[in-house]
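Residue numbers (the numbering used here), protein chains in the order written: chain A, 1 to 170; chain B, 1 to 149.
No lab work stands behind these hints: they were computed from the structure.
Watch out, some of these pointers could steer you wrong.
Pairs of lysine-lysine residues, derived as DSS-like cross-links and limited to a Cα-Cα distance of at most 27 Å, are as follows [said to hold, decoys possible]:
| id | chain 1 | residue 1 | chain 2 | residue 2 |
| --- | --- | --- | --- | --- |
| 1 | A | K57 | A | K3 |
| 2 | A | K166 | A | K57 |
| 3 | B | K53 | B | K41 |
| 4 | B | K53 | A | K98 |
| 5 | A | K85 | A | K98 |
| 6 | B | K143 | A | K98 |
| 7 | A | K45 | A | K166 |
| 8 | A | K57 | B | K87 |
| 9 | A | K166 | B | K87 |
| 10 | A | K45 | B | K143 |
| 11 | B | K87 | A | K54 |
| 12 | A | K3 | B | K143 |
| 13 | B | K53 | B | K119 |
| 14 | A | K98 | B | K41 |
| 15 | A | K60 | B | K143 |
| 16 | A | K57 | B | K143 |
If you're wondering where the values come from, they're calculated on a predicted model, not measured in any experiment.
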Amino acid sequence: MKKYLSSFVCGFGAGVLQIVPVAKSFSCCLIIPAAAYLALILDRKALGETGIIKMSKGLKIGVITGLYAALFGSGFEILITFITKNSDIIVAYPELQKMLTSFPLAESLIEQTQDLLASVVNDIRTTGFSFLYTFAVISNNLFVDVIFGLIGGLVGVQIINSRTTKSISK
Amino acid sequence: MTLGYRILLIIIILLWILGDFSFLLASLSEYFLVTGLYLNKTYSLICHQNPDKLICIDNNCTLLCTRCTGIYIGSLFTSIVTVLVDKTSTPNIGYMVAASSLILADVVLYNSGIYNYNKIISFSTGLFFGSVGFLYIRSGLEKLIDELK
Numbered sequence: 001m002k003k004y005l006s007s008f009v010c011g012f013g014a015g016v017l018q019i020v021p022v023a024k025s026f027s028c029c030l031i032i033p034a035a036a037y038l039a040l041i042l043d044r045k046a047l048g049e050t051g052i053i054k055m056s057k058g059l060k061i062g063v064i065t066g067l068y069a070a071l072f073g074s075g076f077e078i079l080i081t082f083i084t085k086n087s088d089i090i091v092a093y094p095e096l097q098k099m100l101t102s103f104p105l106a107e108s109l110i111e112q113t114q115d116l117l118a119s120v121v122n123d124i125r126t127t128g129f130s131f132l133y134t135f136a137v138i139s140n141n142l143f144v145d146v147i148f149g150l151i152g153g154l155v156g157v158q159i160i161n162s163r164t165t166k167s168i169s170k
Numbered sequence: 001m002t003l004g005y006r007i008l009l010i011i012i013i014l015l016w017i018l019g020d021f022s023f024l025l026a027s028l029s030e031y032f033l034v035t036g037l038y039l040n041k042t043y044s045l046i047c048h049q050n051p052d053k054l055i056c057i058d059n060n061c062t063l064l065c066t067r068c069t070g071i072y073i074g075s076l077f078t079s080i081v082t083v084l085v086d087k088t089s090t091p092n093i094g095y096m097v098a099a100s101s102l103i104l105a106d107v108v109l110y111n112s113g114i115y116n117y118n119k120i121i122s123f124s125t126g127l128f129f130g131s132v133g134f135l136y137i138r139s140g141l142e143k144l145i146d147e148l149k
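Produce the entire structure from the sequences given, and follow the hints as far as they go.
Following this line, the structure appears as structure tokens:
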């Protein structure tokens, strides 16, 4: 745990930012890669390292930061949905319904999809919890955050190493 | 990086872009509609999905905004262009700074009312950022593969 404290701190920060609507819309896909980059810098400072970082370390820190961000992000979103009995799917529901009817597809399929959406929305409105919605939140967060954490780790290492090389050559 | 890995990268990016276009392709197959509904949540994690900034054809829109779509198409473009290149060198960090600055400048300029939001500018800045950004990711992956050997 102590070994990945920087990932934990940055993952927590990213997890919180992921559910804050204004921050989310400003930083978009940069939250997780930036968190991975910051975790790399924090880790270097904590260990007092000044040399070149290995790619495998960047990958590890990036993926673990993404994992923490996914865990915290999902946890907060599920908790907030449970407390407020509201979520982004409820906000988007009328628009989704309208959109569904516009597709030139079999009516039975559209009806089935609408029923599925309605049951999710109904579960959230009445109990604050929907198994399907929770599954979607956790699986999406895990998938996206780990991938973007990995990207942040790989790009972050190159940025740090490029600066280190420059300062060594000076 | 072997040719197999390079082709795998292209396939991954292509699938990601296909996901972005799910609703635009929904009239072709119901699979796109079902996956689109699920992927809408996936892409919401990495994009604001502002309805005014999506690419729409006949009321069916992409799941990502114009700029994000540009970023991934740019990545796909570079991945295809460099598929025959065995090893890429890490590009100068200045290119990344320039690409990010263009996006930042566009966001600041239209938010301050100097000009209105323009999808072509948005797409172009994203395209440039994605094209450059992919080179860093690929170079990182190449170094990682070398380390693991």
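Status of each hint after checking the structure:
Between K57/A and K3/A, the direct Cα distance comes to roughly 12 Å. Compliance with the 27 Å bound is thereby established for this hinted pair. At roughly 21 Å between alpha-carbon atoms, K166/A and K57/A fall within 27 Å of each other, so this suggested pair holds. Proximity of K53/B to K41/B is assessed by CA-CA distance (about 17 Å); at most 27 Å being required, the pair is judged to hold. At roughly 19 Å between alpha-carbon atoms, K53/B and K98/A fall within 27 Å of each other, so this suggested pair holds.
As the CA atoms of K85/A and K98/A are separated by approximately 23 Å, the hinted pair is consistent with the 27 Å bound. Restraint check for K143/B and K98/A: not satisfied, since their Cα atoms lie roughly 48 Å apart, outside the 27 Å limit. Annotation: proposed proximity of K45/A to K166/A holds, straight-line Cα distance about 18 Å (limit 27 Å). Taken as a hint, the K57/A and K87/B pair is honoured in the structure, with Cα atoms around 21 Å apart against an allowance of 27 Å.
With a C-alpha separation of about 23 Å, the suggested pairing of K166/A with K87/B holds against the 27 Å cut-off. Among the hinted pairs, K45/A with K143/B is consistent with the structure: their alpha-carbon atoms are about 23 Å apart, no more than 27 Å. Distance check on the hinted pair: K87/B and K54/A sit about 18 Å apart at the alpha-carbon level, within 27 Å; holds. Between K3/A and K143/B the CA atoms are separated by roughly 23 Å; this keeps the pair inside 27 Å, and the hint holds.
Between K53/B and K119/B the alpha-carbon distance is near 7 Å, which keeps this suggested pair within the 27 Å criterion. Between the alpha carbons of K98/A and K41/B the distance comes to roughly 17 Å, so the proposed pair stays at or under 27 Å and holds. This hinted pair checks out: K60/A and K143/B have alpha carbons roughly 14 Å apart, not beyond 27 Å. About 12 Å separates the Cα atoms of K57/A and K143/B, which keeps this hinted pair within 27 Å; it holds.
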